[in-house]
Amino acid sequence: MKIAVAIKQVPLRDSPLRINAAGTWIDEDNLNFEINEPDAYALEEALQLREKHGGEVVVISVGPARVAQTIREALAKGADRGIHIDVATLDTLQVAHLLATALKAEAPDLILTGLQSDDLGYGQTGVVLAELMGLPSSTIIMQVEVQTGKVRVKRELEDGWFQHIEMPLPAVLTIQSGLNKLRYATLMGIKKAKTKEIKVVSASALPQASAVIEKLYAPEKNKQGQIFDGDPKAAAAKLVEKLRFEARVL
Amino acid sequence: MSVLAIVEQRMAGEVLAAAREFGAEVKAYSIDLPYTADAYSAAVEELIRKENPELVVFGHTYQTRDYAPKVAARFGRVLIGDVIAGKPPVFVRQMFQGKFNADVRIVGVGPHFVSIQAGAWRGEPSPVESFTPSSTTSRQVPEAPFREAARAVDLTAADIIVSVGRGIKEKENIPVVEALAQALGAELAASRPICDAGWLPMDRQVGSSGQTVSPKVYIAVGISGAIQHLVGMKGAKTVVAINKDPDAPIFEVAHYGIVGDLFEVVPALVEELKKAK
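For the record, the sequence lines run as chains A and B. This note's numbering puts the first sequence at residues 1125 to 1374. This note's numbering puts the second sequence at residues 124 to 400.
These are computed hints drawn from the structure, not numbers from a lab. Not one of these hints is a red herring.
Facing chain B, a subset of chain A residues (Cβ under 10 Å, in silico):
| id | residue |
| --- | --- |
| 1 | Asp1138 |
| 2 | Ala1220 |
| 3 | Pro1260 |
| 4 | Leu1281 |
| 5 | Tyr1341 |
| 6 | Ala1342 |
| 7 | Pro1356 |
| 8 | Ala1358 |
Every value quoted in this text rests on a predicted model; they were computed, and no experiment measured them. Glycine residues also receive a C-beta, built at the ideal position from the N, C-alpha and C atoms.
Looking at chain A on its own, in the form it has when it is part of the complex (with noise of 0.2 Å):
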């Protein structure tokens, strides 16, 4: 089966984050980047329903220029080859219109990705993408079996609920992060990756973005809280005072 991954590239866990000059988005100046991780375990997901089912993973990405190295890591761990669609746009129609118009040339069996982006998270890149191939989706997916013709899935529901569902192939999952482990590149799946095949595909005629980000910045700060920095012994002692006399909870 044919099986591709839908892959976003985000800044590093943890980065130092800083708004740009116009105060719309983050600086990306001197930011390192990765795959956002639960877009990590829908490729580990496409990777190991290969290994059980044979056929191919293709990994697909919209952004600049530099994704072509998460499309490159992508590979060491075992994706068979990438398409990179060189445009750097994070509208979620866009993004989606663009990954419709090039997954429908390939038309793979089954489409995977994360549940959600860690930069803008909003969470629909998989559904809107699914609307418009046409295809069935579920979200939040838990489990994937892949049976005849059809998939099987367990979808996470809120407070520890969950649900089978079925539908027929192909279809788009939303893949939950923690569904399995991920595994690293290895020395030779590193050099493998040099010789695969990303094929680069400049932009299709975009649909007009329905919302714009306006303003980014940092949430007001609560005044409430009594927050205690320095020296750790100190402002352990203090906490343990204030929970012991202020808020009388110990």
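With chain A's structure known, arrange chain B on it following the hints.
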């Protein structure tokens, strides 16, 4: 502005309250169907074509996340999901896992689509009309919801909870927070990534996909405070945060906090608690 509120049992009062704040003319419906993404997308699309609202409001539930973006896409729109404040035409939502807020402006004519974050608006549920679509087809075939084997740990009964997040770095470091839990007579809990990694069992997870707790004291150690975690613990009477990042969102809900390296702060706390006994 004409507003259509799509009401499910979860967050019903909140969605109605937000809808009334967003526009003077509010129609509210529940969808009278067993849930599947296809069935609900078609039903809500039909309802929108019937009512012609300028704005459609949902609660940001797992169900909404599963289908509402599809409906929005049918109208060439994006769902402005998980909003915490604002009103048309500008809504506020968190980005970068709560590190920043963004003012997001809707562009062009309606219908536009927003879903509101749990707890961001307050209101009492009231009866709404139920909508039955003209036809239903679904490619998704759902089975009955289920729970995994009964939880071995009931965190909801604990008076004091020590909860650990990514800041702990490695499984081998878990005893550092275990010592604190022990010194306090507290239950040990964790944020999702810790349970995903198998460092603590799933039934110790606090957050939207885990348990919702409201202890007297909740001590968050090395937890940045993504919204999925905050919804599980913001009912705690006293929240204490220990984190090396002074900008971590967890400090926004903390009554007391220590900015510092947990590997220095937590042992110092244990020491201090022993001394005070």
